[in-house]
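Taken in sequence, the protein lines are chains A and B. Each residue of the first sequence is one higher than the last, beginning at 156 in the working numbering. Each residue of the second sequence is one higher than the last, beginning at 156 in the working numbering.
Derived by calculation from the structure, the hints in this document are not laboratory data. Careful, some of the hints might be misleading.
All copies of an identical chain are treated as equivalent in the list; a pair is satisfied when it fits inside any one copy or across any two copies.
To be verified - Within a straight-line C-alpha distance of at most 25 angstroms, the following computed DMTMM-like cross-link-like pairs (lysine to aspartate or glutamate) qualify: (1) K190 <-> D431; (2) K441 <-> D418; (3) K298 <-> D189; (4) K460 <-> D189; (5) K196 <-> E182; (6) K298 <-> E261; (7) K441 <-> E406; (8) K190 <-> E491; (9) K460 <-> D221; (10) K163 <-> D214; (11) K190 <-> E429; (12) K236 <-> D221; (13) K298 <-> E491; (14) K441 <-> E413; (15) K460 <-> D216; (16) K181 <-> E161; (17) K293 <-> D431; (18) K190 <-> D297; (19) K416 <-> E348; (20) K490 <-> E245; (21) K460 <-> E182; (22) K181 <-> D221; (23) K190 <-> E493; (24) K178 <-> E491; (25) K357 <-> E443.
All figures in this text were calculated on a predicted structure; none of them were measured in a lab.
2 protein chains.
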Amino acid sequence: MCKGMEVKICLIGMGNVGSSFLKLLKEKRENIIDKFNFNTKLVAIFEHDGALINSNGIDIDNLLMDHSNLRKNKYWISNVKAQDLISTLEIDICIEATPTNPETGEPGLTHILEALSNNIDVISSNKAPFYLQYNKIKNLADKNGCLVKFEATVASCVPALSIRHNLIGNTISRIRAILTGTSNYILSRMTAEGVSFSVALKEAQELGYAETDPTLDINGYDTAGKLVILSNELLGWSKSIEDVSIKGITEITPHALELAKLDGYVIKHLAIAENDNLLVEPRLVKRESPLNVQGTLNIIELQTKYAGSIVIMGKGAGGFEAGAAILNDLISIVKERENLYN
Amino acid sequence: MCKGMEVKICLIGMGNVGSSFLKLLKEKRENIIDKFNFNTKLVAIFEHDGALINSNGIDIDNLLMDHSNLRKNKYWISNVKAQDLISTLEIDICIEATPTNPETGEPGLTHILEALSNNIDVISSNKAPFYLQYNKIKNLADKNGCLVKFEATVASCVPALSIRHNLIGNTISRIRAILTGTSNYILSRMTAEGVSFSVALKEAQELGYAETDPTLDINGYDTAGKLVILSNELLGWSKSIEDVSIKGITEITPHALELAKLDGYVIKHLAIAENDNLLVEPRLVKRESPLNVQGTLNIIELQTKYAGSIVIMGKGAGGFEAGAAILNDLISIVKERENLYN
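Based on the sequences and whatever the hints tell you, model everything.
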């Protein structure tokens, strides 16, 4: 896919994640040429209302100076859709960074399938397509010999998915994780200050940790989606979000947290994959457990057969974090392709 | 190096790590053939007083049933040395698992250099050669196009070294780590129970967490060696252990820990790589910091430019843990070689 030392990409969705990725790509351009011996040519940027297409390469520097440049650019075409044009572009890698649609996965799912159908490798920060239609995406990728990477979908730049390569000789038997900063922030505050759920939620919203509509975070659906992706990638399962038993944290009271505390426990909103089962629910966790992380951190604990539990944690959200995850995926795709074709 | 689907290896040192690795190799043999399409043929096992050499492949199952079989085996040759025979063996990968010699790195260093000189890929669980002569080893490997992997040398099976591949598009600016279970156990106990250093040390020895001679752990030398390897691999430095400023934990008193506690801190034996400096010393750490891990766990915190700090932790010692790290290295070498030659 990667012809010579120029890798042609398109970006679908230039929100916070997409533009952060472009900023990183700009900042690291020289470094990537130096260290990995390839240059990236951005051929198209798709937005919901049109596209910027330039087969000679879009001037990222200019674009980033003024975001509104996108639609004023002479190469801007209004009212075209990515799904109709992907097949016409000569690109190596398609980057899907549109907002996730938890019910249908669209339009991301169609973008991903359309790219793969055209033998284009895919990187996605959009998670719903993967927790709704994991098998469909993977099967098409395999059939067409394409690579699909989506590190940003789970815990952002924390290498929660790619870590399977590092543990290739080991066996992972169980995953326990905290994958939504919002829930963890709320429970941490309720535990520390004894405030009610609604007060802690309001605080999280004021600080920008919770969405205006935090439903999918606090009812566990967002975490469940990430758990599906984690277990499929790390345990080799083939689940979708319908297979997850999901409970939220809205019923947790300061009293319950207080009772837990008396016996040395805290309550955490855990995602668990074990014995072919997936569940998301509030669980007691020993105060001194590594899973007792504070604030908005994400944490993933992998129980391994030969080396006990291996834990990885970090920031699970943020534009640059997701952008960095996409850049990791981009470089690793190019390296894999080089090995395959050189 | 890997000719077809049979990978020929030799093992130097059949202590706890070496024999744990062989047990794992036996247990995972079918799985490796199934999943990675290669079989491993063990051609030689070297011990300090001789070698078991069979070019048709040593029967691992039989050997593992009774450890004393090694020297009774009809292929056993007394009084030969690995360094004299490596060049005569037709092998793809040499696994160095002899005990580490902190002053000279020998005989491990010679084994590693001898293997590389003969274009043999190397896996090592022996760390001294890498903190004493990192550049010499790396340069020879590069010159001869050999792969050298040594995940087991730092935090055992916790992928502290290979994680650089997962963060390939990011920039790591600082490392802070706890790399010696012994020191951390002692400080944890002193903090929790207010006991003196010598009492906590005795306890650690009785529980088997500390060596009979724990000097290299508590004076920080062992940690310093691992820090050198970490910073060379993750930050691209070229340091040796002489470059590390090292302070031990023997001077820490229960009183100092108590004072720290009053202000919400604990004292941890940290390894820090930052601004071209390497240091190992007791440091104040906020009680709620991820670095405040208990007991014998190892933890590595990577400060990244684009995604805040990413933390990884797990058991830093143990035969099976090191064996699993060696097996990870083995499979990843074979996979890299396949890509290179297919």
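Exercise for review: Please write out, lowest number first, the hints stated earlier that are contradicted by the structure.
Suggested key: When the structure is compared with the hints, none of them turns out to be violated.
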